Amino acid sequence: MEGVRALEPSIACTDPNPVMNLQAIVAEHGAFVWRALRRQGVGAADVEDVAQEVFLVVHRRLADYDGRSGMRAWLYGIAAKKASEHRRRAWLRRERPVAAPPEESAPPGQPEAVRRREAQAQLEAILGELDPRKRDVFVLFELEEMSLAEVAAAVGCPLQTAYSRLQSARALVQASIARLHAREGLS
Amino acid sequence: MKRFEEPIRWLDPRSDAPGELRRWIAEGRDALGPTPEQLARLGEFATATAAGGAAAGGAAGPGAGAAKVAAVKGGQALAKVGILKVVAALAVAGAGAGVGWSVLHGTGAPPAPPAVERPVDEAPKAASALPGPQVAPPPEDAVPAPSTLDAPPAASGTSTHPAAVPLSPAPRTAPPAPATGVVASPSPSTALAPGGAPRAEGPTGPSTTTAGESELSLLDRAHARMGADPAGALRALEEHRSRYPQGTFAQEREVLAIEALVHLGRRKEAEARAAAFATQFPGSAHRRRIAVLLALDGGP
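Residue numbers (my numbering), protein chains in the order written: chain A, 19 to 205; chain B, 63 to 362.
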């Protein structure tokens with residue numbers, strides 16, 4: 019696909035130094051994988067474990083990574099699979115899904131932290147209204163700043179589909195905001 | 063296939079996104095991410111995993127996987143155990159607010175008694191009471207997670223990487239950042255109470271030390287002062303810049319400096335410095351943090 023950017027050429031699969039390689043991947047993309055897991059319903063208490071599972075898989079399969087879809091798209095696929103496994107296990111164990119885990123409690127008090135939490139709450143409220151497939155595309159494109167081609171590779175859909183999901187998600191988000199304004203106007 | 067023009071991202075000021083949405087995205091998108099400590103632990107895990115795989119010649123891969131599955135089945139954080147305490151400078155590259163030096167401090171820890179073969183279930187908690195890795199917590203808005211103190215030097219029951227988890231009390235294995243190895247910081251890490259939540263907010267250490275103050279402790283000082291005394295933080299950062307212009311933590315210094323300038327209301331300087339940063343470190347993982355910092359100042 020012509021739109022795919024060649025990403026992270028420095029992390030090629032043929033790197034002779036697997037130590038540096040896995041470290042480099044974690045350093046560069048650890049936070050991304052973490053967020054992806056959280057957004058896929060892995061709770062705050064479990065995400066560290068699941069992230070490690072993801073990177074164990076990465077470690078094992080690094081030799082198979084062909085670089086075509088971009089590192090983040092590849093990682094996202096692994097993370098999504100692990101998150102799904104985790105959700106299944108969580109369901110079996112605790113008989114409750116972890117779709118809406120409680121947020122970590124950063125100590126309040128700092129204006130910046132408070133603002134950030136408010137922004138986060140607003141953002142999550144809006145995202146929560148989207149259906150998961152649109153949300154995934156929206157998050158990867160708008161929040162994670164992946165190219166649309168990368169997004170398509172990550173979620174495993176044609177570029178065209180990713181495009182229309184993004185447009186549709188955007189329209190819904192705009193509508194949410196408009197509703198929010200309307201409510202604020204009334205109150 | 064039909065070609066699509068790449069849409070303009072909503073974060074881009076040229077887009078037609080509502081302003082508050084742009085701010086929500088800029089400020090809210092990292093909220094689900096790891097803390098610097100968590101990210102650093104993940105980096106340590108990578109180090110241990112990769113080292114194990116390399117040392118055991120491939121056999122460690124599947125073994126590690128099996129161990130991990132067992133850990134997850136047990137519902138315990140097995141894999142938090144048995145990780146080398148390594149100066150993982152790479153892990154610093156995270157996008158969090160703090161930049162992870164708190165963990166780097168851990169490398170200056172005195173040799174902990176090698177806790178061996180601790181049962182899986184209570185290992186993290188038990189080990190956190192050891193006089194082991196000193197991990198100064200990040201100030202202010204970081205989560206006061208007791209697990210920060212975990213990262214025990216214990217090998218777990220299922221020893222995944224025998225080669226990677228030496229019982230020798232020297233937890234420094236192949237530090238990728240030699241410059242950080244010098245963290246013989248004379249400062250606050252000694253204030254650690256086992257299991258307690260030591261704070262690095264105030265100038266608990268020798269606050270005006272300059273001679274011999276390491277690169278890292280200078281940044282640490284700046285970081286600790288950021289909330290209450292951004293001007294003081296900035297001074298420490300300027301000192302860092304003059305002494306370690308191309309230091310290992312030059313990027314982190316710049317991010318902190320931008321933060322301090324924003325706090326001081328010196329927005330123009332912050333922007334100029336951000337622009338210089340973008341030029342100097344075009345691919346940096348910190349650019350997102352910088353964008354957030356600048357968005358903060360520009361918000362309503």
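Check each hint, because a few of them may be wrong.
[To be verified] Which residues of chain B face chain A? A partial, calculated answer using Cβ under 8 Å:
id : residue
1  : Arg76
2  : Leu83
3  : Arg85
4  : Pro96
5  : Ala293
6  : Phe343
7  : Ser346
8  : Ala347
9  : Arg349
10 : Leu356
11 : Leu358
[Said to hold, decoys possible] Derived CB-CB ranges, DEER-like:
id : chain 1 : residue 1 : chain 2 : residue 2 : range
12 : B       : Arg305    : A       : Pro150    : 24 to 32 Å
13 : A       : Glu202    : B       : Asp74     : 23 to 31 Å
14 : A       : Pro129    : B       : Ala340    : 24 to 32 Å
15 : A       : Ala81     : B       : Arg305    : 23 to 31 Å
16 : A       : Gly203    : B       : Pro75     : 21 to 29 Å
Read the hints as simulated data drawn from the structure, not as lab findings.
Values in this document were obtained by computation on a predicted structure and should not be read as measured data.
A virtual CB, placed ideally from N, CA and C, is assigned to each residue, including glycine.
Hint-by-hint comparison with the structure:
no. : hint                              : in the structure
1   : Arg76                             : violated, 14 Å
2   : Leu83                             : holds, 6 Å
3   : Arg85                             : holds, 6 Å
4   : Pro96                             : holds, 4 Å
5   : Ala293                            : violated, 17 Å
6   : Phe343                            : violated, 13 Å
7   : Ser346                            : violated, 10 Å
8   : Ala347                            : holds, 7 Å
9   : Arg349                            : violated, 10 Å
10  : Leu356                            : violated, 13 Å
11  : Leu358                            : holds, 6 Å
12  : Arg305(B) - Pro150(A): 24 to 32 Å : violated, 51 Å
13  : Glu202(A) - Asp74(B): 23 to 31 Å  : holds, 26 Å
14  : Pro129(A) - Ala340(B): 24 to 32 Å : holds, 26 Å
15  : Ala81(A) - Arg305(B): 23 to 31 Å  : violated, 43 Å
16  : Gly203(A) - Pro75(B): 21 to 29 Å  : holds, 26 Å
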